[in-house]
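Undergrad: The listed protein sequences correspond, in order, to chains A and B.
Note that full-length UniProt numbering has the first sequence beginning at 1, numbered continuously upward.
Note that full-length UniProt numbering has the second sequence beginning at 1, numbered continuously upward.
Facing chain B, from chain A, some residues (calculated, C-beta under 10 Å): (1) Leu57; (2) Leu62; (3) Tyr65; (4) Val67; (5) Asn72; (6) Val90.
Cβ-Cβ distance ranges computed for the label pairs, FRET-style: (7) B:Ala28 to A:Phe113: 32 to 38 Å; (8) B:Gln163 to A:Met150: 43 to 49 Å; (9) A:Met150 to B:Gly112: 54 to 60 Å.
According to the in silico footprint, chain A covers these stretches of chain B (three or more CB under 8 Å from chain A): (10) 36-45; (11) 70-81.
Hint data in this document are derived by calculation from the structure and do not stem from the laboratory.
The structure displayed is predicted, hence computed values, not measured ones.
No residue lacks a Cβ here, since even glycine has one placed at the ideal position from N, Cα and C.
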Amino acid sequence: MLQRIYDWIDDRIDITPIWRDIADHEVPEHVNPGHHFSAFVYCFGGLTFFTVVIQILSGMFLTMYYVPDIVNAHASVEYLQSEVAFGMIVRGMHHWGASVVIVMMFLHTLRVFFTGSYKKPREINWVVGVLIFFVILALGLTGYLLPWDMKAYFATQVTLEIVASVPVVGDTLETLIAGGEVIGAQTLTRFFAIHVFFLPGALLGLIAVHFIMIRRQGISGPL
Amino acid sequence: MSEKNHNVSRRQFLTYTLMGVGGFMGAAMVMPMVRFAVDPILQADAAGDMNELTALSDLTEEPQAFSLTYEVEDGWVTQTMEDTVWAYLSGDEVVALSPTCTHLGCTVNFGGDENNPDQFFCPCHFGRFEIDGTNVPGTPPTEPLHRYDTEIRDGVIYVGRPQPQQ
Ligand code: HEM
Ligand code: FES
Chain A
1 MLQRIYDWID
11 DRIDITPIWR
21 DIADHEVPEH
31 VNPGHHFSAF
41 VYCFGGLTFF
51 TVVIQILSGM
61 FLTMYYVPDI
71 VNAHASVEYL
81 QSEVAFGMIV
91 RGMHHWGASV
101 VIVMMFLHTL
111 RVFFTGSYKK
121 PREINWVVGV
131 LIFFVILALG
141 LTGYLLPWDM
151 KAYFATQVTL
161 EIVASVPVVG
171 DTLETLIAGG
181 EVIGAQTLTR
191 FFAIHVFFLP
201 GALLGLIAVH
211 FIMIRRQGIS
221 GPL
Chain B
1 MSEKNHNVSR
11 RQFLTYTLMG
21 VGGFMGAAMV
31 MPMVRFAVDP
41 ILQADAAGDM
51 NELTALSDLT
61 EEPQAFSLTY
71 EVEDGWVTQT
81 MEDTVWAYLS
91 GDEVVALSPT
101 CTHLGCTVNF
111 GGDENNPDQF
121 FCPCHFGRFE
131 IDGTNVPGTP
141 PTEPLHRYDT
151 EIRDGVIYVG
161 RPQPQQ
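Given only the sequences and the hints, what does the whole structure look like? Please build it.
TA: Shown next, in the form of structure tokens:
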């Protein structure tokens, strides 16, 4: 049945070459843990992507209940966690996942570093990787404010103090990021917009570039 | 083991196991999120609390619009809702009707049509209802106006939620 649906579509719009081009590529022996167990270090990039997908999915679902408003934010998080079925699990996925992404990304970076994979011709992808690193750190930072509890509030106070310590433009920058003179309603909506729209958009764009370059250049050779 | 003479080839075996395990892991990941999303349809409806409408002595034989305020638990907030209830006395019986038109949900008015001063009238598609809520044949609504359960305690009328008639 499935095969026939597939054939019907393929007959008309020839989709086989599309997925072949994406999925059909060689996995060299030196990156295959089946051959050398130590090659599992090559999995960390994929694991980073996997956790990013989990973050995006669980985040989208959290947004069904979460409101970025100082009066209701904390109550909505408490409600979705304690009243909604599986709320604890979905929030838990996002909460712990946020740390797992950073750990995976760090391990991936270490693998790239110690296999020397950042060297010519892959310098540009290292730069893109560093941008991804910053975007993910910023996601963690902006997301941290959203539950609007004490920890969130005081962590953001520290963030803003750090921003304010930038020479010359520090104070202006602080007002820009906080959306005003205090950490309040406008800070929360700003962080929400950045966390949920701007950064995920940037992240997906960068990841696409990252993957396209990997397909063009192939995985780096054995040590 | 040779690749030949097996009912299930190595490739097929791997495909099945990987799809099985992958499907299981995928489901374990997606199931909590889907259950989370559909929670509102699985939560029990709020029980029909009775809310104070007005004093029994306010009612006449002629339907009058009374405003009904009641509280609704809406996720993390408690909302105060305000509905309009058309109530009158039919002999000793209290009749309390919802003004939501049973055609497409506009709001009806008693005596809203000059030509039918004893009926409820809906301005959207000229739907009409008799005083007891029965829909007038030949107008768009297909069922009577919904009616509130009522209860009288110490001369005060309490109403629940509107229910379909018949
Ligand atoms: C790599 C990507 C992401 C990271 C690292 C990340 C990180 C975080 C962190 C650390 C929190 C605070 C959680 C807590 O303290 O419990 C948070 C909250 C939140 N995030 Fe994300 N996030 C990511 C992507 C997304 C996306 C794509 C969306 C939506 C489309 C999203 C929506 C939310 C929402 C609504 C909250 C508030 C609810 C809550 O605190 O439980 N996140 N995020
Ligand atoms: S909505 Fe009342 S007649 Fe159509």
